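Protein sequence lines correspond, in order, to chains H and R. The first sequence begins at 1 in the UniProt record's numbering and counts up one residue at a time. The second sequence begins at 1 in the UniProt record's numbering and counts up one residue at a time.
If you are wondering where the hints come from, they were derived from the structure by calculation, not from laboratory data. For clarity, every value in this text was computed on a predicted model and none was experimentally measured. We treat Cβ as the ideally placed atom computed from N, Cα and C, and that holds for glycine. Treat the hints loosely; a few may be bogus.
What the hints assert, rightly or not - Not the full set, but computed from the structure, chain R residues with beta-carbon under 8 angstroms of chain H:
#1 E41
#2 P42
#3 E134
#4 A137
#5 S140
To be verified - Cβ pair distances, simulated, as ranges:
#6 H:I11 to R:S264: 24 to 32 angstroms
#7 R:E293 to H:G85: 21 to 29 angstroms
#8 H:Q40 to R:L81: 29 to 37 angstroms
#9 R:R217 to H:I34: 19 to 27 angstroms
#10 H:V44 to R:P54: 42 to 50 angstroms
#11 R:Y278 to H:S78: 26 to 34 angstroms
#12 H:I11 to R:G121: 50 to 58 angstroms
#13 R:P54 to H:I11: 19 to 27 angstroms
#14 R:P304 to H:E50: 16 to 24 angstroms
#15 H:Q40 to R:E293: 36 to 44 angstroms
#16 R:Q254 to H:M52: 48 to 56 angstroms
#17 R:W295 to H:Q40: 52 to 60 angstroms
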Amino acid sequence: MSLDPATVRRIARLARIGIDESDLPALQRELNGILGWIEQLNEVDIDNVEPMVGTGHAALRMREDVVTDGDAREAVLSNAPDTAGPYYTVPKVVE
Amino acid sequence: MTYLIEGRDGPWELVVGLEVHAQVISQSKLFSGASASYGGEPNTHVSLVDAGFPGMLPVINRECVAQAVRTGLGLKARVNLESRFDRKNYFYADLPTGYQISQFTHPIIGEGAIEIELADGSTRMIGITRLHLEQDAGKSMHDQDPARSFIDLNRAGVALMEIVSEPDIRTPEEAGAYLRKLRMILRYLGTCDGNMEEGSMRADVNVSVRKAGEPFRTRCEIKNVNSIRYVMQAIEVEAVRQVEIWEGGGSVDQETRLFDPARSETRSLRSKEDAHDYRYFPDPDLLPLVIEEAWVQDLAAHLPELPDAKCQRFQDEYGIPRYDAGVLVAEQATADFYETVARGRDPRLAANWVIGDFFAALNRTGRTIQDSPISADALGGMLDLITDGTINGKIAKDVFEEMLESGESAAEIVERKGLRQVTDTGAIDAAVQAVLDKNPDKLAEYRSGKDKLFGFFVGQVMKAMAGKGNPALVNEALKKVL
């Protein structure tokens with residue numbers, strides 16, 4: 001598999017990363033290198049092998065339905081670049 | 001009933017499927033211990049998990065899983081003992097992690113069905129494709145500041161059930177009936193309050209049109225419609241729009257649209273460039289969700305009686321017509337109210353009063369069954385007075401109005417106002433004679449064959465007795481002398 005410049009531009013856009021046209025060839029080369037490396041996995045024969053979804057415990061542990069968290073607005077807002085009273089704020093987004 | 005859109009080149013058929021987002025009733029969120037209750041101060045029902053802080057790990061809420069299973073059982077659907085969670089990736093300011101945890105390839109609930117009933121009494125089965133658990137997003141406010149949007153994450157991470165129907169719906173009416181029935185089932189189960197105005201149930205509507213016998217054509221998705229009436233309107237106008245495009249030689253683009261009720265039109269919502277590229281992948285923080293068959297059976301054993309079963313039981317047990325049973329089971333509180341009134345009494349009389357005067361009184365006073373001014377026991381007490389002959393049906397209506405006003409019991413009102421029915425035949429005969437004496441002309445007409453005047457005489461006698469005469473005895477006395 002290999003990515004063309006248009007696909008690299010699209011991936012960047014979906015990830016909301018602004019990139020310079022001049023950076024495209026380098027990024028394309030790097031991404032293709034990563035994909036090529038991972039594609040080596042295709043050489044492994046996995047016929048008749050159940051997909052493995054994790055290690056250790058086979059299933060999700062569940063918790064009881066009780067309120068144990070929240071009420072920590074200061075902590076929640078502590079890393080926000082901008083706030084207004086009790087709210088996070090972001091540059092206006094209107095569809 | 002067929003619903004066809006008359007195009008220039010002939011009729012078009014409508015094809016609709018619905019995706020309903022139903023907020024799960026639970027104390028805490030799907031993957032965090034923050035409160036899931038509505039209406040807290042902004043950003044107080046938020047844990048660091050919900051706010052997407054680094055290193056925070058989701059832990060699933062057992063009750064939310066149970067609610068999904070209950071709902072699946074209520075929809076007669078397959079429960080998948082193993083399901084998985086995936087990340088649905090998109091950027092929006094009220095989605096702090098940049099992905100929604102959802103179930104894409106392995107939902108917890110598989111195929112099921114809902115039976116809907118239409119205005120003409122016919123029924124249809126609408127297939128359910130799947131139900132899966134996912135997180136709600138936060139809320140953005142765009143009108144607080146000229147340059148900024150404000151974000152409240154209280155809803156972020158609250159559990160939602162997305163319930164997807166098959167494209168089996170063929171008319172706007174069927175869409176409405178499907179949503180009402182689904183909401184009824186959710187409310188009976190206690191898994192979602194079904195309140196569309198507050199957004200705890202919302203619908204995405206997939207609409208396409210085709211000529212009879214054709215395979216499906218391209219569909220459009222109308223997002224986040226928040227009332228049943230709007231869903232029906234949106235389907236109508238979207239279908240007309242698509243017919244015009246096809247007939248004009250164009251083709252419908254698959255896209256997300258928004259319904260604007262004020263202008264009764266749908267509009268394109270997102271640029272096609274970004275449409276539906278969610279890059280789903282299995283959430284590496286979450287192992288497969290594995291539940292035990294025995295637990296599912298235990299949940300099934302504790303389900304409440306559902307509307308269809310209750311409707312059938314009301315017909316069998318109380319001998320009331322299907323229509324009446326349907327009206328009474330529409331809400332669990334109404335059904336319970338009716339059963340309290342009907343217990344040990346004439347169930348048909350009870351149904352007539354609950355559906356008739358009682359519902360009318362609630363409507364008129366703007367009250368609901370929960371804060372009804374007349375309790376089921378009080379209404380039952382009044383019916384007892386009718387059945388044992390203390391009051392007649394006409395006086396009962398006055399007593400009922402008085403109960404509504406004063407909150408007194410029927411017996412108190414009857415005593416206080418002396419409304420006890422007159423069964424003394426002497427008094428009735430006297431009243432009959434007085435009426436005949438006063439209307440010699442009518443009497444002559446009656447005797448010369450104008451039988452219809454019998455009703456006039458009954459009315460006059462009842463009037464003379466202030467409505468308190470026993471109608472059967474009055475009829476009998478009149479027949480005797482006439």
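Results for each hint:
no., hint, in the structure
1, E41, "6 angstroms, holds"
2, P42, "4 angstroms, holds"
3, E134, "15 angstroms, violated"
4, A137, "13 angstroms, violated"
5, S140, "7 angstroms, holds"
6, H:I11 to R:S264: 24 to 32 angstroms, "39 angstroms, violated"
7, R:E293 to H:G85: 21 to 29 angstroms, "50 angstroms, violated"
8, H:Q40 to R:L81: 29 to 37 angstroms, "35 angstroms, holds"
9, R:R217 to H:I34: 19 to 27 angstroms, "40 angstroms, violated"
10, H:V44 to R:P54: 42 to 50 angstroms, "32 angstroms, violated"
11, R:Y278 to H:S78: 26 to 34 angstroms, "30 angstroms, holds"
12, H:I11 to R:G121: 50 to 58 angstroms, "55 angstroms, holds"
13, R:P54 to H:I11: 19 to 27 angstroms, "23 angstroms, holds"
14, R:P304 to H:E50: 16 to 24 angstroms, "39 angstroms, violated"
15, H:Q40 to R:E293: 36 to 44 angstroms, "41 angstroms, holds"
16, R:Q254 to H:M52: 48 to 56 angstroms, "35 angstroms, violated"
17, R:W295 to H:Q40: 52 to 60 angstroms, "42 angstroms, violated"
Checked against the numbered hints given earlier, this structure breaks hints 3, 4, 6, 7, 9, 10, 14, 16 and 17; the rest are met.
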